[in-house]
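A.B. asks: Each chain, written out:
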Amino acid sequence: MPENIEKMEDLSKTDQERLAQTGLEVEMKNRSGTFFQIDQEIKHVASTEKGIEVLTLSDALSKYDWLSGYMWKAVPHDKDKYTRYVHEQKDPKGFVIIARKGSKTLYPLQACLFLANSQVQHVHNIIIAEEGAELHIISGCASATHARVGTHIGVTEFYIAKNARITSTMIHNWGEKISVFPRSASIIEENGVFLSNYVCMQPVRKIQMSPVAHLKGENSVARFNSIVVSTPGSLLDLGSVANLTAHGASAELLTRAITTGGTIVSRGFIHGETRETKGHIECKGLILKDGIIHAIPEIRGDVVDTELSHEAAVGKIARDEIEYLMSRGLDEDVATATIIRGFLDVKIAGLPEVLQNQIDAAIDAAEKSGF
Amino acid sequence: MLDIEDLHVKIGDREVLHDINLHIGEGESHVLMGPNGSGKTTLLRTIMGFSGLNITEGRIFFKGEDITRTPIHKRAELGMGMLFQRPPTIAGLKLGKLLAVTSGDDAKKVEEYSRYLNMDSFLERSINLGFSGGEIKRSEVLQLMIQSPDFVMLDEPESGVDLENITLIGSAIAKLLEKDVHIVNRKKSGLVITHTGYILDYLDADFGHVMCDGVFRCHGNPREILKVIKTSGYKECLACQKI
Ligand SMILES: Nc1ncnc2c1ncn2[C@@H]1O[C@H](COP(=O)(O)OP(=O)(O)OP(=O)(O)O)[C@@H](O)[C@H]1O
Ligand SMILES: [Mg+2]
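Those protein sequences? They're chains A and B, same order as listed.
Each residue of the first sequence is one higher than the one before, counting from 10 in the numbering used here.
Each residue of the second sequence is one higher than the one before, counting from 122 in the numbering used here.
If you're looking for bench data, these hints aren't it; they were derived computationally from the structure.
Incorrect hints may have been included.
To be verified - To give an idea of the interface, some chain B residues facing chain A are shown, with a C-beta separation under 7 Å as derived from the structure:
1) M169
2) F171
3) E198
4) L199
5) I211
6) L214
7) Q268
Unchecked claim - Pair ranges (Cβ atoms, derived):
8) B:E245 to A:K82: 38 to 46 Å
9) B:A295 to A:R284: 15 to 23 Å
10) B:S280 to A:G111: 53 to 61 Å
11) A:T23 to B:L250: 22 to 30 Å
12) B:K230 to A:R157: 48 to 56 Å
13) B:A212 to A:E316: 17 to 25 Å
The model shown is predicted, which means the values in this text are computed figures rather than measured ones.
Note that CB positions come from ideal geometry on N, CA and C, so glycine has one too.
Assemble the whole structure, with the sequences as input and the hints as a guide.
C.D. replies: Here it is, written out as structure tokens:
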């Protein structure tokens, strides 16, 4: 890889394509800001929208004294060896996005974390939506085609103030030899909404994460959607946790998982700690070729008037569904692919159309290549 | 159009259809009646080629071709289509998406027929998921109209449909079966299962068959057969040995 890469345009065509598959736009037509980091080097930081600031972590910390109060507030620094590793860094890298009170992004901001030559890439990101702000972020994470064994460790803390809303869409395109350990958590205040979408349709060696939502404000909402495919050799250990600690708080964890030979562990945990809370976990898995889908939905209620439920189903495509479509003239392969595409077709309420299109495109691309 | 010779079908260990013979010519519509569980749906599914139905004896010819072992989609390509009594639900797959595929992305056609069947607001919904009984039938008829098969099998198209929608579904079926085309020029054929006979108002059906316990017990004019069944039940019909 040439040393003089400053922008996404400078990457090779194939690497640009790999990034495009994660929903990132090199030309930034439909984007309101960007953050671009290769290995440990921050290449490009910009925001074009009023009321939205995108800064490197170090700039942000020296510019705003108060920001240090947000460091390690949502994610405990001693949670595990990965958070400790990031916490120990003398010169932590990453981005800070602040959506000022009442601001609204029309187009999403994009954050691109690219692993090229390093063994380890670590980041610490802080994303704040102040009161009434609305912020949409798409983060694409990918590795260079030539990247060998590597590890990505990312701590991301989301703070959603009263009446604010953050949607975070993450599309991964790691390589077969990359291990990924995101550690993220969010604190959601009164009437705040946090929507987190995770898509991984491409091979990865190992990914392990379990983002936590702390629903601390009344009527706060968290929704996690994961759409994942595990190919042979991939281990996806994915979970999400929602702690319902305020009246009226609700959470929904939804997963669509397909294995074509890899392993998927789909965890979900909703903890109803307070009255008038609601939570639901849904995990549907399809085993297309021998592989493992292990769904572990957990719900725990501590008080009366918390309503929690879960449903999980793992199986194959029903024969009668395939034959139904065949009777309409589709051959077996097309019928199967059409059903799979439908299975993965999760329309996410409240997500801007550009981002929904991005998710659809990632799934389409995987479908075309036959997973 | 369709010729069935000495057909025997087993489901598991049990023979459900015994020695079925049926000839349906071009432009003809036939009506299939019979008590619940007698094997009517099984016959239609066997003709369409569904799995789980084991043909132990006999053959099925379609347009002169032996299709006894032909896969389902090839039969569809040859011009067969079927309205399901109980179609499966396919969560996630939008009705509109399927119609786009089966129509060869002919958005105009999809729009026109969806509107005709009052199904335009269902295109973004998962196929049959939460559809009411009548909505399922309209969705089925819509899919068939897009497919436009030469040989149309209808498994109780009117059951669970309110009176207003029977008119709508009936007129769509009349189109599917070219009721307005003179019998001499009519190309489309049909095999229609009905319990009520309401659908007969929308077809030119001259041939009726009664199935009992997996065998044909009676052949004749469908309206006359229906009259007998309505007044004295299937008993009378069985007693009559007019095979
Ligand atoms: N998959 C199956 N497994 C076991 N038995 C079956 C299966 N499908 C059909 N049968 C049996 O075969 C017989 C014929 O069923 P079929 O559905 O063809 O009846 P039908 O004439 O269409 O009845 P209805 O008027 O109630 O729709 C019934 O006894 C039914 O229980
Ligand atoms: Mg039946």
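A.B. asks: Would you mind marking each hint as holding or not holding in the structure?
C.D. replies: Here is how each hint holds up against the structure:
1. M169: holds, 5 Å
2. F171: Holds. Min distance 5 Å.
3. E198: For B:E198, the interface hint holds, since the closest Cβ of chain A sits about 6 Å away, which is under 7 Å.
4. L199: violated, 10 Å
5. I211: Hint holds; B:I211 Cβ to chain A Cβ min 5 Å, cut 7 Å.
6. L214: holds, 3 Å
7. Q268: holds, 6 Å
8. B:E245 to A:K82: 38 to 46 Å: holds, 41 Å
9. B:A295 to A:R284: 15 to 23 Å: violated, 59 Å
10. B:S280 to A:G111: 53 to 61 Å: Roughly 57 Å apart at Cβ, these two residues keep to the hinted range, so it holds.
11. A:T23 to B:L250: 22 to 30 Å: violated, 40 Å
12. B:K230 to A:R157: 48 to 56 Å: The hint (48 to 56 Å, Cβ to Cβ) holds, given that B:K230 and A:R157 are roughly 52 Å apart.
13. B:A212 to A:E316: 17 to 25 Å: Given about 23 Å between the Cβ atoms, the range holds.
Figure legend: structure checked against the earlier numbered hints; hints not met, in rising order: 4, 9 and 11.
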